[in-house]
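Each protein sequence line maps, in turn, to chains V and B.
So the first sequence is numbered by the working numbering: it starts at 4 and just counts up by one.
So the second sequence is numbered by the working numbering: it starts at 660 and just counts up by one.
Keep in mind that the hints were calculated from the coordinates and are not lab data.
A portion of the hints provided could be inaccurate.
Pair ranges (Cβ atoms, derived) [said to hold, decoys possible]:
1. B:K664 x V:D246: 16 to 26 Å
2. V:S193 x B:P673: 40 to 50 Å
3. V:Q371 x B:R913: 35 to 45 Å
4. B:Q889 x V:D246: 16 to 26 Å
Here are the simulated DMTMM-like cross-link-like pairs (lysine to aspartate or glutamate), alpha carbons at most 20 Å apart as the crow flies [said to hold, decoys possible]:
5. V:K296 x V:E279
6. V:K200 x V:D224
7. B:K869 x B:E888
8. B:K671 x V:E279
9. B:K840 x B:D699
10. B:K849 x B:E820
11. V:K378 x V:D364
12. V:K262 x V:D139
13. V:K210 x B:D701
14. B:K671 x V:E240
15. B:K671 x V:D139
16. B:K892 x B:E906
17. B:K881 x B:E897
18. V:K296 x V:D268
19. B:K930 x V:E207
20. B:K664 x V:E356
21. B:K926 x V:D224
22. V:K210 x B:D720
Partial list, derived from the structure: chain V residues whose beta carbon lies under 7 Å from chain B [to be verified]:
23. A65
24. G72
25. E94
Note that this is a predicted model, so its numbers are computed, not measured.
Don't be surprised by glycine CBs; every beta carbon is placed ideally from N, CA and C.
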Amino acid sequence: MIKENRVRFMQGNEAVVEAGIIAGVRFFAGYPITPASEIAELMSIRMPQVGGSYLQMEDELASMAAIVGASMGGLKSMTATSGPGFSLMQENIGFASMVEIPCVIVNVMRVGPASGMPTHPAQGDVMQARWGTHGDHPVVVLCPANVKEAFDLTIEAVNISELVRVPVILLSDATVGHIRERVELPDPASIALINRKMTTLPPEQYKPFAAGEDCVPEFADRSNGYRYHMCSNMHNEWGFPADSGHEIADKLIRRLDKKVDLFQDRVTFYNTYETEDAEFMIVAYGSVARSAKDAVKLLRKENIRAGLLQLQTIWPFPTAVVKQFCVGAKTVIVPEMNMGQLISEVRLAAGCEAVGVNRADGMAISPQEIIEKVKAVK
Amino acid sequence: MAQVKDYLRPGKLPHIWCPGCGDGTVVGAMIRSIDKLKLDRDLVTVITGIGCSSRVNNIMDFHSFQTTHGRAVAFATGYKVAKPDMKVIVVTGDGDGAGIGGNHLIHAARRNIDLKVILINNQIFGMTGGQFSPLTPNGAIASTAQYENTEYPFDVCKLMEAAGATYVARGTVYHLALTEKLITRSLEHKGFSYVEIITQCPTGYGKRNKMADPYQLLMWQKENSVPVEQAGKYSAEELKDKFIIGELLVRNDRTEFVEANARLIDKSRAKAKGGSGK
C-alpha cells in the first residue's frame, strides 16, 4: 500500500495513475504503448487494490469501447495511450461525445506520423485531440507541463468528464510522462470530487437525452425500472435513432456544441509569468512551457520584456484568455513540438503578429531557441 | 407464460426490417428463452453494434444500447465488469461480428467473459445494400460481387472453439425450436457463449441468388444443415458447405473472467495488507 506520505518523487505517468484513483477512477482498460505503458502497468497493480478493474484489451479500439461500456455501467473510467493508439481510439471517442458518456483518455504524445519515434516527445496530436473523430463534437483537452500538473489536471479531467458528460483528453507528452520530480500532493480529503448528475425522475418520465439549461442530461443507473436505450446514431431525447429527423439532429448537435461553451470558464486553466508589461508574449503548453519559462527569465535579465502565458486547457480554445494577456504585446511567440498546430488559434485570438518556434524531431525546444526567436523579431 | 409482445417496447413497431427477414424471428426466440428462464428484465442488457441485427434492441424492452460497428463485444466487456449481476446479451451480424468486429469476438472468447453473443448470420451486408460479407458463400452473387464471390466463408463456431469460448452452438431460423433451446442453454451457461443463427435476407441476398422468396431461403437452410448428432455419418466431402447445427461445445474448465477479476481484487488487497496473497 502507498504510504501516506504527501511529498513524493514521482514520474508523470505515475501521477496520472494516483490522481485517477483519488478522482474515483475504478476501471482502466488499455493496450501497451510507449511512452504510456507505465500508466497501464501501475494501473494493473493499483486498480485491484482499490476494488477497481484493470483490463488489457486486444487493441485501442477495444480499450476505448471498454471504458465507455464501463462508464455506462456507472464506473469512472480511463484509458491511456500514445499517437498510434490514439488514432485507433478516435472512433469510440466520437461515440462517447455523441452518447455523452464521461471518460478520460490520456495521450502521452510521441513523435508521429505513423510509428514515428516511440520514446521521444512531440505535440503532434493537438489537432487530432480536437478533431480526430468525425463530425462536430464536444471535447475538452488539458495539457500538463510537469508532474504536479499531470496530477492536478488528471483530477480535473475526471471531474470535468463527469460534470459536463464529455470525454476529456489529457494531452501529456513523453517528457511529462517520463520525467521524475519532487511533488507535494494535496490532502486527498481536500480534493473536491464531482459525480455525474443522477436523475430524480421516475423511470416512466426519464429521458436519457433530455437536458435542462446547462445542456447536460441526467444519468440513470440501469436498475429499478430505468430500462432506457442509447444509440450512436442521431437520436431523440429517448435515445432512439432519428435517422431522418433533421430538426432532432439540429437540436442535438447544437446542444452538444453549446454544452462545452457553457462550461468554458469552468474548464479553462492557465498560468502566467511576467505578463504584465510583456512586449513579447510566449504562448506555450505542455513540457515546452518549461523551456518558455526559462527563456522569459533569461530574457528579463537582458531587460527584454518577455512574458509567458501557459495554456493548460487548449480545447475549447481559451480565446478570451489569450486575448486578455496578449493585448499589449507586440509579438506573440508560439513554441510547439510540431510544425505549428495551435499557432493559428493563438494568432486569431491575440490579434497581433505571431511567430512559431517549431521542431518535430523528438528533441525538446530549448530556452535558447525561444530566446533567439524573440531576438530575431525584436 | 407471457407473450412476446409483453417484452416489446410500446410504440416501437413496426420495425425497420424487410418483409421476409429472419431478424424478427430471432427476437421472438430470444424473448421466449428469457421468459422461459423467468429472467428479471431489470437484469438483462442487450447490446448491439451496427447493421440490421443492431436494431433488435430498439424494440426489446430491456436495458439496451447500440454502439459502433463491430465493437459491441468490447463495449459489453467493460459494461459487464461494471455490472456483474447483469445478463449481458450481445446481438451482432456476420459483417458486424465476424468482419469488422472479429478481433473483439476472438479475445472476448479467450477471456471467457460471461457475454452471450448471438450472431445473426444472413450471409450478407443487409443494411448497406447486399455487399458480400465474410460469411457469404463462395460463388454467390452480391452487390460487390456481381460476377461471383471469389472469397470463402469461414466457420465462426470453430474459431470460437479454438479461441476459448465455453459455449458454442449453431441454429437456424428454419430450425426454430432447436434455436430457441440453444439460446436458453447459452443464457444458463456461465462464461463466454456464442450462438450463431443462420437466417435469411431475401432483399440483400435472396434476390440476387435466385431465392427471392423467403420460403426458398428457409428451404436452403433446411437442406444445408446437418444436426451435430448426425454429422458423424457423413464424409468430409458430403459435409462440405453444410452447416453443423446444434450444441457444438460446452466446457466448464475455465474460470469466468468477472469471477477471476473479483478473485484478483481480493488477492491484491490481501497482499497490500501484508499477507502472502496466495
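*Which numbered conditions among the earlier hints are violated in the structure presented, ordered from lowest to highest?*
Failing hints, ascending: 2, 3, 4, 7, 8, 11, 15, 18, 19, 20 and 21.
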